[in-house]
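Student: These are the residues of each chain, in order.
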Amino acid sequence: MKRRNFIKQTAAAGSLIGLGGLSMSNLSTSEKKHITILHTNDVHSHIEPFPLNDPKYANQGGVARRLTVINKIRTENPNTLLLDAGDIFQGTPYFNFYGGELEFKLMSMLGYDAATLGNHDFDNGVDGLYAQIPHAKFELLSANYDFTNTIMDGHTKPYRVFIKDGIKIGVFGIGIELDGLVNKRMYKETKYLNPIEITQDITQKLRQEEQCDLVICLSHLGFDYGDKTIISDQILAQKTEGIDLIIGGHTHTFLDKPVIAQNKAGQFVLINQVGWGGINLGRVDFYLDSSKNLEHSSTVFAI
Amino acid sequence: MLLIIGCKQQQYKPERIQAELVPVDINIKSDTTITSFIAPYKLSVDKAMDSVLAYAPNSLTKKDSKFNTAIGNMMADAVFELANPIFKKRTGYPFNAVLLNYGGIRSPLNQGDITTRAAFQLMPFENEVVVVELSGYQMKEMFTYLSHGTAHPISNMQIILNKDGSLQKGTIQGHDIIDNETYFVATSDYLQKGGDNMTFLEKPISILPLDYKIRNLLIDYFKKKDTIAPVRDNRFIKEN
Ligand SMILES: [Zn+2]
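Protein chains in written order, with my numbering: chain D, 1 to 303; chain V, 304 to 543.
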């Protein structure tokens, strides 16, 4: 017996006293849930659609169009989360002129719930990032950057649990090693912690303590490298457990549909990434059921 | 009674997962609250970006020629001309040469007015000029690397390849490389950190960042010169 089922059924039944007459299947049929995850990565300050003379992406993307798409999906399913996997900054003069202010303001207007940090989000240094914090009405999530000795200390969280229609969705952020990608003068005393170790700790916490039903990792590690010694989303998926979906970035990989990887415990993990520049919006729909109902069945991937 | 709640297992599991890639393209109407919010920002960015810095009598692209290109020569020579006074002021002596990368020429320079926007397109990244001190051995490694033939922009160096593509000679400011001599080469922080596999830049004898973005340097160069009409020359050639 699950508490949530109990409470909901009791409330619905009004004066119902006791539950002796209700079988388990009765309890669960009405308990199906639908959560929609929308996501972007590596938008790189592409506020307007790509210019008409762009050789590859002419007239694609654009924040104003993105909101139209998001609003339509939110009308279909209000239980929607909007997430970004980093590299919000750098790529058009909007960043050079306004330092990321417009990017953060627009993401707030679009109702982003959370984002993680990419290497380019340090392009104006930790100070430049800090200066834009007041414009972000969404969570900046980073579990493996230790900002303790920087001005960013206290302005990110390792994870955040969102509750939509009673479903607990744990979202955490993982960043790429900055050394070699970003000038030390920019990231200063930011410490990079091992993504695999941190992920193990966080997923454990999200599953056990926070009792999350879904766990999503916002990662800026990059999709896959031929070199197995470089930690990618593929490696992270394989070497950890407890993640349902990795929303990736950094490698600007265009995936038509999420890739299915297998984790340490033999369970499936989805990895998705939707290119860059706001050309696409990723959408993943989770249909959930009481775990009791699903004990002997496996998840169907309609992808 | 039924409240056996202590158990800490999760309550819901995904039974079905569906995914879709949603293109954000011309078929989607723009949300007008967003476009009007962007408008004032766009206006001032456009105004600044459209300011004219110089004039180009001809269009230049990195595909115009092999081994060295007019546009690449212009970029490397610009670094030599504008970064050297800064280096000299800090150290008391000038650097010897410049090495950039072919991939770093991010767009053509079109015939007509050269605007700030053109400088941003040519160099969209935030790369900065750094000067590395290289040993004679590292210089030779550089020439071996360059002998592969990609038209990486250089200034104050010359490379001549034999007919068969092997390295005939590499010189710096007209001189052969001396093994136990050191040389000062200006490059970008991106390449210094091993970008484009230029590993000979990774462990220089000394390094001095100039805090000068290459894009800003180009903007300053365009402002300084009225007309931008560089040429291909014989700084990097292959014998016929
Ligand atoms: Zn990126």
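It cannot be assumed that every hint is accurate.
In silico lysine to aspartate or glutamate, EDC-like type, Cα no more than 20 Å apart, as pairs [as the list claims (entries may be wrong)]:
#	chain 1	residue 1	chain 2	residue 2
1	D	Lys-257	V	Asp-328
2	V	Lys-345	D	Glu-209
3	V	Lys-516	V	Glu-429
4	V	Lys-316	D	Glu-210
5	V	Lys-496	D	Glu-210
6	D	Lys-164	V	Glu-484
7	V	Lys-516	D	Asp-127
8	V	Lys-506	V	Asp-523
9	D	Lys-184	V	Asp-514
10	D	Lys-257	V	Glu-484
Since the hints were made in silico from the structure, they are not lab data.
Student: Next, verify each hint and record whether it holds.
Tutor: Status of each hint after checking the structure:
no.: 1; hint: Lys-257/D / Asp-328/V; result: holds (18 Å)
no.: 2; hint: Lys-345/V / Glu-209/D; result: violated (47 Å)
no.: 3; hint: Lys-516/V / Glu-429/V; result: holds (6 Å)
no.: 4; hint: Lys-316/V / Glu-210/D; result: holds (15 Å)
no.: 5; hint: Lys-496/V / Glu-210/D; result: violated (42 Å)
no.: 6; hint: Lys-164/D / Glu-484/V; result: violated (68 Å)
no.: 7; hint: Lys-516/V / Asp-127/D; result: holds (18 Å)
no.: 8; hint: Lys-506/V / Asp-523/V; result: violated (30 Å)
no.: 9; hint: Lys-184/D / Asp-514/V; result: holds (13 Å)
no.: 10; hint: Lys-257/D / Glu-484/V; result: violated (56 Å)
Going through the hint list in order, the structure does not satisfy hints 2, 5, 6, 8, 10.
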